[in-house]
Amino acid sequence: MFAYYLGLALRSLRRNPILTGLMVLAIGLGIGASMTMITVLHVMTDDPLPGRSAHLYTPHLDPLPLDYASSGGPDPSDNLTWPDAMALLRAKRAAHQAAMAGGTMLVRPAQAGLQPFYAAGRYATADIFGMFGMRFEYGGGWSEADDADAAHVAVLSDTMARKLFGRADAVGLAAHLGSGDYRVIGVIADWAPAPQFYADNTGSQYSDADTFFLPLSVAVDKDLPVNGNQSGWGKDEQAQSSMRGAAMSWLQFWVQLDTSAQVAAYRQYLVDYSAQQKALGRFERPPTNATLYGLMAWLTHQNLVPNDVQLQLWLALGFLFVCMLNIVALLLAKFLRRSGEISVRRALGARRRDIFVQLGVESALIGVAGGTSGLAIAQLGLWSVRHRPDDYARLAQMDPVMLAGTFALAVFASVLAGLLPAWRACRVTPALQLKAQ
Amino acid sequence: MQLRHVLAALPRHKLVCLLVIVEIAVAFAILCNAAFIVRERVQQMQIDTGLAEDQLIYIHNDGVGDDANAPLVARNLLALRGLGGVKSAVAMFPLPLENMSINFRPWLSPDMKLRGPSAGMVAGTPGYLDTLGVKIVQGRDFTDAEYDGLDSTTKPLSPAVIVTRDLADKLWPGQNPIGQKLWRSATRDYTVVGVVQRLVRGFLRKDFVPQYTAMFAVKPVPFLSALYVMRVDPSDHDRVLREAADLLLQLNPDMLIDAQGSYADVRADYFRQDASLAWLLSMVCAAMLLVTALGIAGLANFWVQQRRRQIGIRRAIGATRGDILRYFQTENFLIVGGGIALGALLAFVLNLALMTHYELPRLPWFYLPIGALTLWSLGQLAVLGPALRAAAVPPVVATRSV
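Sequence lines, in order, name chains A and B. In terms of the numbering used here, the first sequence opens at residue 1 and continues consecutively. In terms of the numbering used here, the second sequence opens at residue 1001 and continues consecutively.
If you're looking for bench data, these hints aren't it; they were derived computationally from the structure. Glycine is no exception: its CB is placed at the ideal position from the N, C-alpha and C atoms. Treat the hints with care, as some may be off.
As the list claims (entries may be wrong) - Pairs of lysine to aspartate or glutamate, DMTMM-like flavour, derived with a Cα cap of 20 Å:
id, chain 1, residue 1, chain 2, residue 2
1, B, 1155, A, 237
2, B, 1087, B, 1141
3, A, 235, B, 1189
Said to hold, decoys possible - Computed Cβ-Cβ distance ranges for the label pairs, DEER-style:
id, chain 1, residue 1, chain 2, residue 2, range
4, B, 1369, A, 427, 38 to 48 Å
5, A, 191, B, 1144, 18 to 28 Å
6, A, 16, B, 1039, 33 to 43 Å
7, B, 1144, A, 223, 43 to 53 Å
8, A, 53, B, 1233, 37 to 47 Å
Said to hold, decoys possible - With the C-beta cut set under 8 Å, the calculated list includes, among others, these residues of chain A facing chain B:
id, residue
9, 304
10, 305
11, 307
12, 389
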């Protein structure tokens, strides 16, 4: 029966090509616009480290003064101060832990003829490589002793090593970053989780991957430029503007906790630490403000999806709604116009149910055609998004899930749109229509 | 008379009419709010910076590094001033809308109890206010002797500061701002020597008032060496930019120039996301209007085909072609009117939602009549084709039995 209905539907659509074209266009535009924005939202909120994200957490302390009034800018307590980060690091209460901050340095290639260029990278403590699962192609990371000594060593990404030295095996060579020379001790395979959950959230979370890693202590010793929000508070000049100051937050901190017991224990440790700092007079707010965010919860807290993207998503969905209403009206008119044909079928023995299914198949067929055109329009839309000046732009690609989703949404939308007209059409009294006009 | 007939015939197609009314209502609500958002963004993009924008060009580089290289900045400025077409050259930080800034909240008394709102800091080498073209409306510009260096926390050593009119009115309302003091720390205080009409800060954020800017006098130091700004004739932009870049690279072989252009480029770059959003909203609205118009046309076409017999009868008993045309136009007018009435309500509901979630201001009332006019014209235009086809139905159709 299904093949028969399909044949009927095709014939009916062909009979009125303009109207069919109109409906396919309407659905195509609506689906295309919606899928473009849904895909963008999907890539912006996807899990950056599937497999590890469940065990990664970031501590959140509250060192701000009681009277600190946030004026709508970024929250300084989202980052840690140097003394707090070092204390948490030394306490070693988690399986793995690392403190980090982003930096941009001017790189001068050793090869003659290459222009200097700016590169984005990270200043971090030794455990970052193991904790985030970066794969070393050559060499390895630095040790805790190197961290303590502020050794001038560096780990490069594969792309950076090739760009600087012409080959990936760059262990032992000297990289000229900023105003200093660093001995390359390891090269990692290119690593670019999106969004960059471990970066300070005032910057971009979707742009350049980190191409170099330096020990954090070196960055502090040499006062290297830091990417991201550095906020100071209070009245003490030194404390609020120096990198080691107790009243300036600029560091991000991540830990790996494997069991829920460890998570609970770490949470308690943060509260105890805050209570201790309060007793010492450094913290002013209640120790119970200290909390621990899981990776995905942290992404939600950061509100990564800019308002503009959300606005565009809602606009696209509103547009889809208008298109669907359009389709409902057109389908209703079309089906009611065929009352004569439907009545003949009813007279020949079709039940209301059969008519309903027949018209439903017709709606679904329009949906499939609309989905194809919608896919084409969505690809066009995503192409234009990739050319936008936004940082997430280059990520706007369709993966198989989104592709299947396009067709599913198209068919679902048209079947939904066709429900009311089909129901209305199958309730027409056959006898009235069969009389000679 | 016509109206009564039209209204009487509408309930026959209750469902379709209702659908079209709801569709037009939703389209109207989205249209009004989208147009409002676009207008807000465009207004933001047209912000008056207070500069002589068409005469400024800039070269941004990676700076001279540490203090030992400080004399290079003065030497570079001297060389740039020697170029043909350059009226003046300075080094400064930052340009308005350069997308970076240092902001501070000044204290208004030495006991550091009273604090003002966040102000943007602007610093530059001798003569920079003149180069930028800002108007001094009270007091005076900095004297050459007042330009001094920076301390270790990038606070200027020179105690002179110039503020914008709006900042002066905010910090010292009703008083003469000249001679007033502000504190950036317990040991650093600054005295106001002049007031400029307007200057916008380097980076705008929703909690920053754009025109609260404080200008400081800084001699050529490494901190300022990343940005050279020159004042030239609008016709000389490209030539002077090329020559200046070549000159700087010649004098400083290690320098890396990462950006250069006219001030218009700075502005376009700062607002590119707003521009792209405005474009997107406009295009989706146009697409929505197109879909609505095509839908109305398609439906009207159907109705005309369905009512051929009735039209024929009416023509047979004396209706003119004009009457038939007017009948369909009136019917369309009423349906779209119903949609607009519902749409006005939806527009305000949607605006309330946008006000809560996206901090949009309240929709001004005049968007509704403009939107109504747009949709009415669109509807009339869309139904014109089918209505003309209806008017062309010959009276003889009434006599046929099919």
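Here is how each hint holds up against the structure:
{"no.": "1", "hint": "B/1155 - A/237", "verdict": "holds, 11 Å"}
{"no.": "2", "hint": "B/1087 - B/1141", "verdict": "holds, 18 Å"}
{"no.": "3", "hint": "A/235 - B/1189", "verdict": "holds, 15 Å"}
{"no.": "4", "hint": "B/1369 - A/427: 38 to 48 Å", "verdict": "holds, 41 Å"}
{"no.": "5", "hint": "A/191 - B/1144: 18 to 28 Å", "verdict": "violated, 53 Å"}
{"no.": "6", "hint": "A/16 - B/1039: 33 to 43 Å", "verdict": "holds, 41 Å"}
{"no.": "7", "hint": "B/1144 - A/223: 43 to 53 Å", "verdict": "violated, 32 Å"}
{"no.": "8", "hint": "A/53 - B/1233: 37 to 47 Å", "verdict": "violated, 57 Å"}
{"no.": "9", "hint": "304", "verdict": "violated, 15 Å"}
{"no.": "10", "hint": "305", "verdict": "violated, 12 Å"}
{"no.": "11", "hint": "307", "verdict": "holds, 5 Å"}
{"no.": "12", "hint": "389", "verdict": "holds, 4 Å"}
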